[in-house]
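Knowing the structure of chain A, use the given hints to seat chain B on it.
The listed protein sequences derive, respectively, from chains A and B.
Take 1 as the starting number for the first sequence in UniProt numbering and just add one per residue.
Take 1 as the starting number for the second sequence in UniProt numbering and just add one per residue.
Since the hints were made in silico from the structure, they are not lab data.
These numbers were taken from a predicted model, which means no experiment stands behind them.
Possibly wrong hints are sitting among the right ones.
[Stated by the list, open to error] Below, simulated EDC-like cross-link-like pairs (lysine to aspartate or glutamate); rule was C-alpha separation at most 16 Å, straight line:
hint, chain 1, residue 1, chain 2, residue 2
1, B, LYS197, A, ASP161
2, B, LYS172, B, GLU203
3, B, LYS107, B, ASP144
4, B, LYS193, A, GLU177
5, A, LYS193, B, ASP24
6, A, LYS30, A, ASP180
7, A, LYS150, A, GLU127
8, A, LYS115, A, ASP144
9, A, LYS172, A, GLU149
10, B, LYS193, A, ASP180
11, A, LYS34, B, GLU203
12, A, LYS107, A, ASP144
13, B, LYS150, B, GLU118
14, B, LYS193, A, GLU29
15, A, LYS34, A, ASP161
16, B, LYS150, B, GLU122
17, B, LYS107, A, GLU10
18, A, LYS193, B, GLU29
19, A, LYS107, B, GLU122
20, A, LYS189, B, ASP180
21, A, LYS193, B, GLU33
22, A, LYS197, B, ASP180
23, A, LYS150, A, GLU118
24, A, LYS193, B, GLU177
25, B, LYS172, B, ASP144
26, B, LYS197, A, ASP24
27, A, LYS20, B, ASP105
28, A, LYS193, B, GLU26
29, B, LYS172, B, GLU149
30, B, LYS193, B, ASP180
31, A, LYS197, B, GLU29
32, B, LYS15, A, ASP105
33, B, LYS193, A, ASP24
34, B, LYS30, A, ASP144
35, B, LYS107, A, ASP147
36, B, LYS193, A, GLU33
37, B, LYS107, B, ASP147
2 protein chains.
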Amino acid sequence: MKNIDETAEERHRAKMANRKAVQDAEVAEKTLEKGLLIVHTGPGKGKSTAAFGLALRMLGNNRRVGIVQFIKGAWSTGEQPALAVFGDRVVWHTMGEGFTWETQDLKRDIAAANKAWEKALELMADETIGLVILDELNIALRYDYLDLEKVVAAFQARRPDLHVVVTGRNAKPALIEAADLVTEMSLVKHHFKAGVKAQAGIEF
Amino acid sequence: MKNIDETAEERHRAKMANRKAVQDAEVAEKTLEKGLLIVHTGPGKGKSTAAFGLALRMLGNNRRVGIVQFIKGAWSTGEQPALAVFGDRVVWHTMGEGFTWETQDLKRDIAAANKAWEKALELMADETIGLVILDELNIALRYDYLDLEKVVAAFQARRPDLHVVVTGRNAKPALIEAADLVTEMSLVKHHFKAGVKAQAGIEF
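Next up, chain A with everything else stripped away, as it sits in the complex (with noise of 0.2 Å):
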């Protein structure tokens, strides 16, 4: 514990009296209520794995959720087995058949994918669900496995409650644009590099 005199402790009261005011005032210019079209891009961790913290807030808070994976699904991933917890308040669909170079026949992941965005249809159709998680649907569209002006007219047309969120490397930028919220995970430093291996409940 430090050791502090009054003159400091003054200091960070008005700091902080000030920085309390900027915060109450941008707080209190935000009156809108509606369902974001959420982003998590980029070469970093932590965009699938926000996701489904999304979705435990979600659940937190008595709403339901869906759940698409386009992409991932060859494994299991520790999520699964937790959710299952929540019983029929978490809907999960595994649609995709591994990475595309696991499979390597562009026939199978298209139609992999175009059966997983009839899945995506139905969830955000589905009044009782609060949240929808596309999972790796940025990869699907990069590889053109979806036409994106559908995939973003089908946004655009959702319900105004419904919050959706799309996982994955490389969003398109009319994906981007038509986003609520972006957020770009980037990678600063990573374990693999150490020649640390995927283990249990980091990696999956």
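Coordinates of chain B only, in the frame set by chain A:
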């Protein structure tokens, strides 16, 4: 669905086979298992959310999770009731008294941060716990509420299989230096700018 000729398919197959070979070689090189020190920093959304997503992944792998919130805590978030479903597999300590501009009391902030750090050390010493999340610890370090050297030394002395996630903006360089995995969440676009307010399931 596109009309694809044989050549395009063959090209796709060759490209993806090559990609798979690179991928497989990369995976084979990684043989280490170790508890990671993970840092989520940057001005974007998703730092805490991705940490809670990792908690979910860890729980799905049947590991226990410990959480200390250093700053937040003056209001409730959806994660807490959601994770309550997992019973004593999640240990949650909310030690902060709100953002520092809410308390405006330097001594109280320092005392709260040090109390939170004691809890963090307790969780890190608990061998039944696989992941410890120190939410907003970076804020406490930034304002010098805690001694940086002491904190980094404790991380370096942790047991080899323990994963630790530290969140918050402005991570200190010494912490980044000590970390295995650092992701910076950058703000590409934020709905607050468009006047949208904080909403249940998204911000809390």
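(message) Check the hint pairing LYS193(A) with GLU29(B) against an upper bound of 16 Å on the C-alpha distance.
(response) Holds. LYS193(A) to GLU29(B) sits at ~10 Å (cutoff 16 Å).
(message) Can you confirm whether the C-alpha distance between LYS193(A) and GLU177(B) stays at or below 16 Å?
(response) The hint holds at about 14 Å.
(request) For the pair we were handed, LYS172(B) and ASP144(B), check the Cα-Cα distance against 16 Å. (result) The given pair, whose Cα atoms are some 11 Å apart, holds under the 16 Å limit.
(message) Would the hint linking LYS15(B) and ASP105(A) be met if the CA-CA limit is 16 Å?
(response) holds, 11 Å
(message) Check the hint pairing LYS34(A) with GLU203(B) against an upper bound of 16 Å on the C-alpha distance.
(response) holds, 13 Å
(message) Check the hint pairing LYS193(B) with ASP180(B) against an upper bound of 16 Å on the C-alpha distance.
(response) Since the Cα atoms of LYS193(B) and ASP180(B) sit roughly 34 Å apart, the hinted pair is violated (cutoff 16 Å).
(request) For the pair supplied as a hint, LYS30(A) and ASP180(A), confirm whether the alpha-carbon distance does not exceed 16 Å. (result) Satisfied, since the Cα-Cα distance of roughly 14 Å is no more than 16 Å.
(request) With a cut-off of 16 Å on the C-alpha distance, tell me whether LYS20(A) and ASP105(B) pass. (result) holds, 13 Å
(message) LYS107(A) and GLU122(B) were given as a pair; does the straight-line alpha-carbon distance stay at or below 16 Å?
(response) Status violated; Cα separation ~54 Å.
(message) Against the 16 Å threshold, does the CA-CA distance of LYS107(B) and ASP147(A) hold or violate the hint?
(response) violated, 57 Å
(message) Holds or violated: LYS197(A) and GLU29(B), Cα atoms, limit 16 Å.
(response) holds, 8 Å
(message) For a C-alpha distance cap of 16 Å, please report whether LYS193(B) and GLU177(A) respect it.
(response) holds, 14 Å
In the structure shown, a violation is registered for the earlier hints numbered 2, 7, 19, 30, 34 and 35, in ascending order.
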